[in-house]
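The listed protein sequences derive, respectively, from chains H and G.
Under the working numbering, the residues of the first sequence are numbered 1 to 246, in order.
Under the working numbering, the residues of the second sequence are numbered 247 to 532, in order.
A hint or two may mislead.
[What the hints assert, rightly or not] Examples of chain H residues lying across from chain G (beta carbon under 8 Å, computed):
id	residue
1	Ala74
2	Pro92
3	His101
4	Asp103
5	Thr120
In case anyone wonders, no lab produced these hints; they're calculated from the structure.
The beta-carbon is built from N, C-alpha and C at its ideal position, and this holds for glycine as well.
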Amino acid sequence: MSDSIVSIRDLHKTFLLSHSGSGSLKTAMLWWRKRRIERLEVLRGIDIEIKRGETVALVGRNGAGKSTLLALIARVYKPTSGEIRVNGRVAPLLELGAGFHPDLSGRENVFFNGVILGLTRKQILERTDAIIDFAELHRHIDAPVRSYSSGMLARLGFAVAVHVDAELLIVDEVLAVGDYAFEAKCFARINEFRAAGGSILFVSHNLDQARMLADRCVWLHHGVIEREGKPDEVLDAYMHGDAEVL
Amino acid sequence: MWAELKELWRFRELLISLTERELRIRYKNSALGFLWSLVNPLVTALVMSIVFKYFLSQGVGSYTLYVLAAYIPYAFFQFALMDSAQSILVSLPMVRKVYFPREVLPLAQIFANFIHLVLALGVFVVISILVWLRTPGEFPIRPTVVILPLVLLVNLALATGLSLIISALNTFYEDVKYIMGAVLYIMFFLTPVMYFSENVRHATSQMGPRGDLLYILYHLNPMATLCTTYKKVLLAPTPVRMGGETLQPLDLDWGVFGIAALMSFGILILGYHVFNRMKWRFVERP
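Same shape as in the complex, but just chain H (with noise of 0.2 Å):
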């Protein structure tokens, strides 16, 4: 088995935007000739290695291609060119309760979510006890998702995502959800998943908790790589470059 988990080599995406936002046969109809269609290079020519067991933290502005590129990774989109190669099995993080169903029970979202992220049905059912536990929502788990507070919801999707034996976790801004025990406990187990030999992707506006929990940080910039390397180091140009830039 190669020792990185996500190797990644010249990734190009490209997104075409169309301007009359065709959503209907009319506007499609009405509007195929003048149409303008503008693309947006996303990301142009990226090229990351990451290895077991690390961490790295993306950084970069808002529209840098962070959220692309995760997704990529997570398989969401195809790439326009390039290659990315992914040994081994990925839980995105999902956004505050993306994969649930408000009118289903925690309990049942919890055993669906599992299999989303590719559990078989028994694996999730033995592990159900654990991750209730860990969400601390025994007395609402069988009450539907609709009822839950947002803090609630971050609670159970983290715990889901954290008990799939993922290999590379990926996370998108969620970790700051939750009261200060939770997140407290979230740490830890994000350290523990790490000891264990898992990797974690990340993008993180606060930049204390990248400096925090990174190995390795890569800076975005207009979808290209400006810099990459020591924490340290990159977010330090990052909040230098940045201030210039603004």
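Please arrange chain G on chain H, whose structure you already have, making use of the hints.
Just chain G now, with coordinates in the frame of chain H:
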């Protein structure tokens, strides 16, 4: 296509759970629960029998069961397409975050509806036995019922193929579901649910060569052939009254059924192909 099918097989647990979830959500907040899915065909059957008995009285036994035998599959077809049309749009937040074969979303809707179809046909059998107990005659369930699974399979293929195309298109153009609603409404009248294929045969046979063409065109709709097949497979042949004449029942035309089956599986393959070509663009929807 084989690679896609293998990938789908890898995610079969997800498809099963989604189908279960669909069945569970549908009646989650209603007191009667699953029984609601039987209310619709039963009410239809009741209304039909009143209308046929008092307003369209044609003196040849009861048509209620014959109408019901075709109405249940037609309702499946209709609801399966309508539910799956929206399936991807509704789950777009999830589709944007997690990878899984996107076809599981419309497929789960189809399978959930298909389970309803099978259960409703079970209820249909019970009703026809009850009717037979009240008015004994020829036993209603025919030996031909053994080929019912084949008919169901063709019906499933047709509904799946169409729903793959429609759900993919509807993700980009939301007009598609309205167009489909209108087409399904028109199609209901162009499908022998309320009447018999014997009516169609008789009417077109009096129009000369143009009529023959019309008869063929009529049966290019696989759902028309399927509805006739359900009636003939499930129930005893019945004479049909039309304008003072009594039409003798026609035998099931296996050639026509074969063509409908071929068309249905063709549509299934085409639908899967279309869906696979479009599925990567769902998340990039403008």
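Notebook entry, point to check: Looking back at the hints listed earlier, which ones does the structure fail to meet?
Noted result: none
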